[in-house]
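Student: Here the protein sequences come in this chain order: A and B. When you line the first sequence up against this note's numbering, it's residues 65 to 328, in that order. When you line the second sequence up against this note's numbering, it's residues 18 to 243, in that order.
Read the hints as simulated data drawn from the structure, not as lab findings. It should be emphasised that the depicted structure is a prediction, and the values quoted were computed from it without experimental measurement. Errors might be hidden in some of the hints.
What the hints assert, rightly or not - Only some residues are given here: those of chain B computed to face chain A with a beta carbon under 8 Å:
#1 F22
#2 S25
#3 N68
#4 E72
#5 E93
#6 I96
#7 D100
#8 G101
#9 T102
#10 F104
#11 R114
#12 Y119
#13 Y120
#14 G145
#15 R149
#16 T230
Claimed, not checked - Facing chain A, from chain B, some residues (calculated, C-beta under 10 Å):
#17 I30
#18 G95
#19 Q122
All residues carry an ideal CB built from backbone N, CA and C; glycine is no exception.
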Amino acid sequence: MGLPLFSASDDPGPSFVRFAELSGLVDEPSGAGADTRHATTVIAVRYVGGVVMVGDRQATSSYIASRDVRKIEAADRFTALAISGSAARGLEFIRMAQLSFEHYEKMTDTSLSLEGKANYLSPIIQRNNLSTPLMVIPLLAGWDPSHRDGRIFEYDGAGGCYERRDFATIGSGSPFAESALRLGFRTDLDREAALELGALAIYEAGDNDPSTGGPDFVRNLYPMIVTLDENGFTEMAADEVAARFVAINQRRTESQGVAGGSLR
Amino acid sequence: MSNYFYVSPEQLIKDRAEFAQKGIARGRSIVAAIYDVGVLMVAENPSASLNKISEIYDRIAFAGVGKYNEFDRLREAGIRWADGTGFTYSREDVDARALANYYAQHIGDMFTEGQKPLEVEVLVAQLGTAIRPTKLFRIAYEGTISDEPRYAVLGGDAEAIKSRFGASESDLEPLDVTLRNAVAALANADRTIEVPDLEVCVLEDNGGRRTFTRLTDERVAALLGT
Numbered sequence: 065m066g067l068p069l070f071s072a073s074d075d076p077g078p079s080f081v082r083f084a085e086l087s088g089l090v091d092e093p094s095g096a097g098a099d100t101r102h103a104t105t106v107i108a109v110r111y112v113g114g115v116v117m118v119g120d121r122q123a124t125s126s127y128i129a130s131r132d133v134r135k136i137e138a139a140d141r142f143t144a145l146a147i148s149g150s151a152a153r154g155l156e157f158i159r160m161a162q163l164s165f166e167h168y169e170k171m172t173d174t175s176l177s178l179e180g181k182a183n184y185l186s187p188i189i190q191r192n193n194l195s196t197p198l199m200v201i202p203l204l205a206g207w208d209p210s211h212r213d214g215r216i217f218e219y220d221g222a223g224g225c226y227e228r229r230d231f232a233t234i235g236s237g238s239p240f241a242e243s244a245l246r247l248g249f250r251t252d253l254d255r256e257a258a259l260e261l262g263a264l265a266i267y268e269a270g271d272n273d274p275s276t277g278g279p280d281f282v283r284n285l286y287p288m289i290v291t292l293d294e295n296g297f298t299e300m301a302a303d304e305v306a307a308r309f310v311a312i313n314q315r316r317t318e319s320q321g322v323a324g325g326s327l328r
Numbered sequence: 018m019s020n021y022f023y024v025s026p027e028q029l030i031k032d033r034a035e036f037a038q039k040g041i042a043r044g045r046s047i048v049a050a051i052y053d054v055g056v057l058m059v060a061e062n063p064s065a066s067l068n069k070i071s072e073i074y075d076r077i078a079f080a081g082v083g084k085y086n087e088f089d090r091l092r093e094a095g096i097r098w099a100d101g102t103g104f105t106y107s108r109e110d111v112d113a114r115a116l117a118n119y120y121a122q123h124i125g126d127m128f129t130e131g132q133k134p135l136e137v138e139v140l141v142a143q144l145g146t147a148i149r150p151t152k153l154f155r156i157a158y159e160g161t162i163s164d165e166p167r168y169a170v171l172g173g174d175a176e177a178i179k180s181r182f183g184a185s186e187s188d189l190e191p192l193d194v195t196l197r198n199a200v201a202a203l204a205n206a207d208r209t210i211e212v213p214d215l216e217v218c219v220l221e222d223n224g225g226r227r228t229f230t231r232l233t234d235e236r237v238a239a240l241l242g243t
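The following block holds chain A by itself, in its conformation from the complex (with noise of 0.2 Å):
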């Protein structure tokens, strides 16, 4: 690639998307595989001073082809961008809005608003939809410091943003995470109680959908938690999380499978 001059008239401005589209550095997607690989569950729960978020691990084809995916990612310091459904497609997303916005940043030596991410996502979630069978449903969450709160953004498949005040959940697992997150979730929630809702929505999701992995105790692989707050984006360490599970699993072991009505 040579130096990207371009005239005042053509200038793609800070966007990185229009910047590729124009000096050809990405196609526009077309046709499917007929054996793609599928990323699900990930779940967002605000509380009190920021959001949690919770993602299992597992992706899938016609098989389970990873166990180990990483479906959440910072998109930046105080930002992040969860994916389901085409992981192919959803990979190409999360890297292509992480550069964006540091592009943004870059070249105009300001950061986009929260909100100007959630807007930028949009038209780039449509055209992937609209134009191949290869969907992708994102999930952006963060701290915002202008307004000092935690907010969430969810999607639909053809671009639709939407704030969420409450919760969201992506993937083939969202209808039992979601019951779970229904019945647990309160405005007033602490780090803590949304850390342990927001891991008994993703142990529910795993527990009933076949394309969701649950806490994998064999191979000591565990669902992804990360936390947006004030610091920015912060994932947590293994070993919490395992501890996390394993108590959960031990709970559920004692009353033989049943949640009991007590969201355990």
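Since chain A is already given, all that's left is putting chain B on it; use the hints.
Tutor: Just chain B now, kept in the frame of chain A:
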């Protein structure tokens, strides 16, 4: 019918060079220097928002003197080139030398073929890794690229500043010493530059992927000990 007068190539180049030099000499200068653990860039710049120094990539920074609109366009092209290259290949394949060469080609082309030469001088700085050295590439208005060993000065008053700075530094010093020397070299004996009129940026490893930091006035004042 119009008449065309013969102008010798020597005269043409000389006129163009003089034109570019004059434009560059109107602005303030920049000192870039390698210090013990990073790269320092100091510009005299009274504007807090029209920056002369900018981040290009994880370990690459840009600095420009001369006409703001001209070097800012080069800065933007550099960021696009770096992000595009890193997206196509990998982040570690983005190399300052390649970017400096593209700048040199473009600035050189504009000097000989453009309507008018670009009235700019730019610097591409790279913080080294295990596989790449720390580098300062200076590209002059006519497209000459030079690989400066320890420090580089851009701008109209470059030679005087260079000799002042060169006299003060013998070895790689810590950041505060290097900054004090650079500011003293920019200022000279009979004037001082106030902290708000300085734009100071560094490339230094801090545990993360990105190494570029724009230092706040408080930090600059603390380092200068004023």
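Student: Against each hint, give a clear statement of whether it holds in the structure.
Tutor: Status of the hints after comparison with the structure:
1. Given the 8 Å rule on beta carbons, the hint for F22(B) is violated: about 32 Å separates it from the nearest Cβ of chain A.
2. With a least beta-carbon distance of about 31 Å to chain A, the hint placing S25(B) at the interface is violated under the 8 Å criterion.
3. Residue-level restraint check for N68(B) holds (minimum Cβ-Cβ distance to chain A is 6 Å; threshold 8 Å).
4. Contact between E72(B) and chain A, as hinted, is supported at the beta carbon level, the nearest pair being about 5 Å apart and thus within 8 Å.
5. Interface restraint check for E93(B): the shortest CB-CB distance to chain A comes to about 6 Å, inside 8 Å, so the restraint holds.
6. With 8 Å as the threshold, the beta carbon of I96(B) comes within range of chain A, its nearest partner Cβ sitting at about 5 Å, so the hint holds.
7. Hint status for D100(B): holds, given a least beta-carbon distance of 5 Å to chain A, under 8 Å.
8. Given hint, G101(B) at the interface with chain A, holds; its Cβ is 6 Å from that chain's nearest Cβ, closer than 8 Å.
9. Checking T102(B) against chain A: minimum C-beta separation of about 6 Å stays under 8 Å; hint holds.
10. The beta carbon of F104(B) is positioned within 8 Å of a beta carbon in chain A (closest approach about 6 Å), and the interface hint is therefore held.
11. For the restraint placing R114(B) at the interface with chain A, the shortest Cβ-Cβ distance is roughly 14 Å, beyond the 8 Å limit, so the hint is violated.
12. The interface hint given for Y119(B) is met, as the beta carbon of that residue sits about 4 Å from the closest beta carbon of chain A, less than 8 Å.
13. At a threshold of 8 Å, the smallest CB-CB gap from Y120(B) to chain A is about 7 Å, leaving the interface hint in force.
14. Given hint, G145(B) at the interface with chain A, is violated; its Cβ is 21 Å from that chain's nearest Cβ, farther than 8 Å.
15. Interface restraint check for R149(B): the shortest CB-CB distance to chain A comes to about 19 Å, outside 8 Å, so the restraint is violated.
16. Given hint, T230(B) at the interface with chain A, is violated; its Cβ is 13 Å from that chain's nearest Cβ, farther than 8 Å.
17. At about 23 Å, the closest approach between the beta carbon of I30(B) and any beta carbon in chain A exceeds 10 Å, and the interface hint on this residue is violated.
18. A least Cβ separation of about 8 Å between G95(B) and chain A falls short of the 10 Å threshold, and the interface hint therefore holds.
19. For Q122(B), the shortest C-beta to C-beta distance to chain A is roughly 7 Å, which falls under 10 Å, so the interface hint holds.
The structure is inconsistent with the numbered hints 1, 2, 11, 14, 15, 16, 17, although it conforms to all the rest.
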